[in-house]
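Sequences and hints are given; from them, build the entire structure.
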Amino acid sequence: MVDDVLIIGASLAGLRCATGLRRAGFVGRIVLAGDEPHRPYDRPPLSKQYLAGEWDADRVQLTPEDKWDELDLEFCSGLHAVHLDPATRTVVFEDGSSLSGEALVLATGARPRHLPGTEKNERVHVLRTLHDASALRDVLATEACQVVVIGAGFIGAEVAATARQLGHQVTMIEAATAPMERGLGSEIGAICGQLHVDEGVDLRLSTGVNNVEGSDPAVKIELTDESEIEADVVVVGIGVVPNTEWLEGCGLAIDDGVVADEFCAVAEGIYAAGDVVRWPNPKFGDELMRVEHWENAVEQGGYVARRIMGVETEAFAPVPWFWSDQYSHKLQLAGRPRGTDQMEIIDGSVDEKRFAAVFGREGRLTGVFGLNRPRHVMQYRALINEGASWQDALDFAQGT
Amino acid sequence: MGYKVVVDFDLCESNATCMGIAPDIFEVRDDDFLYILNESPGADQRAKVEEAVERCPKQAISIEES
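Heads up: the protein sequence lines correspond to chains A and B, in order.
Residues 4 to 403 in the numbering used here are what the first sequence lists, from first letter to last.
Residues 6 to 71 in the numbering used here are what the second sequence lists, from first letter to last.
Accuracy of the hints is not assured; some may be wrong.
Pairs of lysine-lysine residues, derived as PhoX-like cross-links and limited to a Cα-Cα distance of at most 25 Å, are as follows [to be verified]:
id, chain 1, residue 1, chain 2, residue 2
1, A, Lys70, B, Lys9
2, A, Lys123, A, Lys223
3, B, Lys53, B, Lys63
4, B, Lys63, B, Lys9
5, A, Lys51, B, Lys63
6, A, Lys286, B, Lys53
7, A, Lys356, B, Lys53
8, B, Lys9, B, Lys53
9, B, Lys63, A, Lys356
10, A, Lys70, B, Lys53
11, A, Lys356, A, Lys51
From the derived model, a few chain B residues whose C-beta atoms are all more than 12 Å from chain A [unchecked claim]:
id, residue
12, Lys9
13, Ile41
14, Ala48
Hint data in this document are derived by calculation from the structure and do not stem from the laboratory.
We put the beta carbon where it would ideally sit given N, CA and C, even for glycine.
And the structure:
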């Protein structure tokens, strides 16, 4: 029986692993080490309530003070992992110190991709950490400015919505013909884009960025259509890369994430959870997936805790789900659809901005998207979980 | 000893995660509001309620021992 667990990454996944261990009756030592100065905090509000200045930093803490004490963790902040020895489960940190555990959990997450050459430009922001969000929030709290968002994915779209609601002029640039085209297809993507156009965002589709330079008095952005725009603030939302550099060369498989088995184990006594891991999900034909959603971090962290405690025998087989709040709209997606899947709107009305759509491939139900339709998303998510066919989904829609 | 399901409706944003986990207890209706169908579920339902507490994105659900 393990009585010493080391969790690398003071993240949602890392924290939920720790709470899961305690819930399952683990009385041993838990060390939670993270490279940020903060206790684990919640990221979803960083692009919304926190960014808008409605919430303060205390409100994004994941664990209230009394519950934190109950967890009885050894919390080490400011420790940036640089090396792992899998055989002894020893992690070496940048400051030269090291820690090891009988069980080790890798939860180092991911970091935003930057536009090359803009890393040092003080007017160009990314959004991932509380530090990132605070910097952008300070800028957006000033008088109206011209905000350019590069990338119309969920982070870009949420930032655009928040900035617009604060009264800023917003231009959002997207290389694809529609936002989220790869995952949702051009039709649903176009509807998501229209939400922003309706709120006054200047949405530039099929447009790439050739160059971003200068900061005084404004940033100049040269687009692939040869137009040029100026911005007081640029926010880059072009995806994330998993934090696996520190694991390279240690013998673990790395391929867009640290590769785990279907039980989220990467080696003897070593597990991984959250944005950093790719594992074969049996629910989707063992597709190797890396899921960057809030709920996945919660579930996978808890799952790993149960594996460590020896009380979980099933493979980790969730139906991924996430939500995004933009303006007054709630967007939700469950499953694993692709933009090329067949799609059918099964409830509500696009014009009223209130509908649910299902996706299918090779006769299977692969996903459900809802715009202001949480009830339907959950119902069809349950169908996906049961392995429903495309026809099952259509029949269900007929019956409701 | 029984328990009671409590939802902080100021926090709830009707993501319907709880309904996905325990549809006998939580229901998000067509008006997009969450309704608690059973405030005092049996001990056999407790694991489901705990999972809903865990997975609520707004941490709006809690269990009160009674």
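Starting from lysine 70(A), check that the Cα of lysine 53(B) is at most 25 Å away, please. holds, 21 Å
With a cut-off of 25 Å on the C-alpha distance, tell me whether lysine 286(A) and lysine 53(B) pass. holds, 21 Å
Between the alpha carbons of lysine 63(B) and lysine 356(A), is the straight-line distance 25 Å or under? Answer holds: lysine 63(B) to lysine 356(A) is near 23 Å, not above 25 Å.
Under the criterion that the straight-line Cα-Cα distance not exceed 25 Å, is the pair lysine 356(A), lysine 51(A) satisfied? holds, 20 Å
Does the alpha-carbon distance linking lysine 53(B) and lysine 63(B) stay inside the 25 Å limit? Holds, because 17 Å separates the two Cα atoms, which is no more than 25 Å.
Restraint status (C-alpha distance of lysine 63(B) to lysine 9(B) at most 25 Å): holds, 19 Å
Taking the minimum C-beta separation from lysine 9(B) to chain A, is that value above 12 Å? Nearest chain A Cβ is 19 Å from lysine 9(B), so the label holds.
Is lysine 51(A) within 25 Å of lysine 63(B), Cα to Cα? OK: lysine 51(A) and lysine 63(B) at ~13 Å, within 25 Å.
25 Å Cα cutoff - pair lysine 70(A), lysine 9(B): holds, 20 Å
Given the hinted pair lysine 123(A) and lysine 223(A), is their alpha-carbon gap at most 25 Å? Between lysine 123(A) and lysine 223(A) the Cα gap is close to 15 Å, so the pair holds against 25 Å.
Is it the case that alanine 48(B) keeps its Cβ farther than 12 Å from each residue Cβ in chain A? Per Cβ check, alanine 48(B) is outside 12 Å of chain A; nearest 17 Å; holds.
Grab the minimum beta-carbon distance between isoleucine 41(B) and chain A and tell me whether it stays above 12 Å. For isoleucine 41(B), whose nearest Cβ neighbour in chain A is about 15 Å away, the distance exceeds 12 Å, so it holds.
Consistency note: the structure conflicts with earlier hint 7 alone.
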